[in-house]
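Make the full structure from the sequences, and use the hints.
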Amino acid sequence: MHIAQYTELICFIILGAVIIIGSLGVVLLNNIVYSAFLLGGVFMSIAGLYLLLNASFVAAAQVLVYVGAVNVLIIFAIMLVNKREELSPIKGLKLRRFISGGVCTCLLGLLIRVNLTTKWNMPGPASIGEGSTVRIGEHLFTDYLLPFELASVLLLMAMIGAIVLARRDVLDTDEEAQEKIKQGIIEQKKQPLLIDQSS
Amino acid sequence: MIETSQGLIPLQAYLILASLLFCIGVWGLINSRNAVRVLMSIELMLNAVNINLMAFSSYLDGSLIRGQVFTVFVITVAAAEAAVGLAILLSLYRNRVTVDMESFNLLKW
Chain A
1 MHIAQYTELI CFIILGAVII IGSLGVVLLN NIVYSAFLLG GVFMSIAGLY LLLNASFVAA
61 AQVLVYVGAV NVLIIFAIML VNKREELSPI KGLKLRRFIS GGVCTCLLGL LIRVNLTTKW
121 NMPGPASIGE GSTVRIGEHL FTDYLLPFEL ASVLLLMAMI GAIVLARRDV LDTDEEAQEK
181 IKQGIIEQKK QPLLIDQSS
Chain B
1001 MIETSQGLIP LQAYLILASL LFCIGVWGLI NSRNAVRVLM SIELMLNAVN INLMAFSSYL
1061 DGSLIRGQVF TVFVITVAAA EAAVGLAILL SLYRNRVTVD MESFNLLKW
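The listed protein sequences derive, respectively, from chains A and B. Quick note, the first sequence lines up with residues 1 to 199 if you use this note's numbering. Quick note, the second sequence lines up with residues 1001 to 1109 if you use this note's numbering.
Because the hints were derived from the structure by calculation, they are not lab data. Computed from a predicted model, the values in this text were never measured in an experiment.
Within a straight-line C-alpha distance of at most 30 Å, the following computed DSSO-like cross-link-like pairs (lysine-lysine) qualify:
#	chain 1	residue 1	chain 2	residue 2
1	B	K1108	A	K91
2	B	K1108	A	K94
3	A	K83	B	K1108
4	A	K83	A	K94
Right under this line is the structure:
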């Protein structure tokens, strides 16, 4: 039993280190492609943490949804918008980063203090361990039935919304003059439609 | 498998790990200039919340694992958010030909 507990502790330390270092890399690395792949590693490590917490179903859902769908979507978007562009320097960028870092550190201190000083109701009821998948299914079809159905509606709305937002609207006839439009002009039009107000 | 949740790892270790991940996500959300990286930071923050929910579900609510059900819902909403966010990003990129967050100031007064 001691060996199992120490193995669990070592796994937790390794997974936690991978999560923290990986997320720092996601935020700090200059190349965004590296960030996206590190994000996949972070998601996999979080799935490992879920396995340590006896939640095999949620770990599988994490791998399927986050690594399989969200991360692939992010890499896809990077490949679509990956243009080498020189970012214009901003005044006071270092100062801004420093101040926001201070704010985030204070937030971290606050959260850790809350974590450590709250009297959690330990130990709770015994864990059901491997029966968690069955219990999740019971929850989803009894007392969480309405949120479950709403989630399906939400996913449908997100899917339709994403299609509407991301497709390229090109009409092949002019609506008023009823004439054919030259497609090449629209395709080759590179100038931005909105006025650039950054300068 | 039952006594593993009462093992050597305290609940606070998971909470502190989630707090670290959340703060890294907040810092990245504020400081990223690439819009895709902002979306990645949001995903990091959502995952920090999920770790919290899972730890509470395993340590304090072991018989009725309501935290795990909630985590499934959070994963669903996060997937929808990522899809819509990246679609908005693509449409922005088509109009402004950049993904620099500093140039998206159309709604700034």
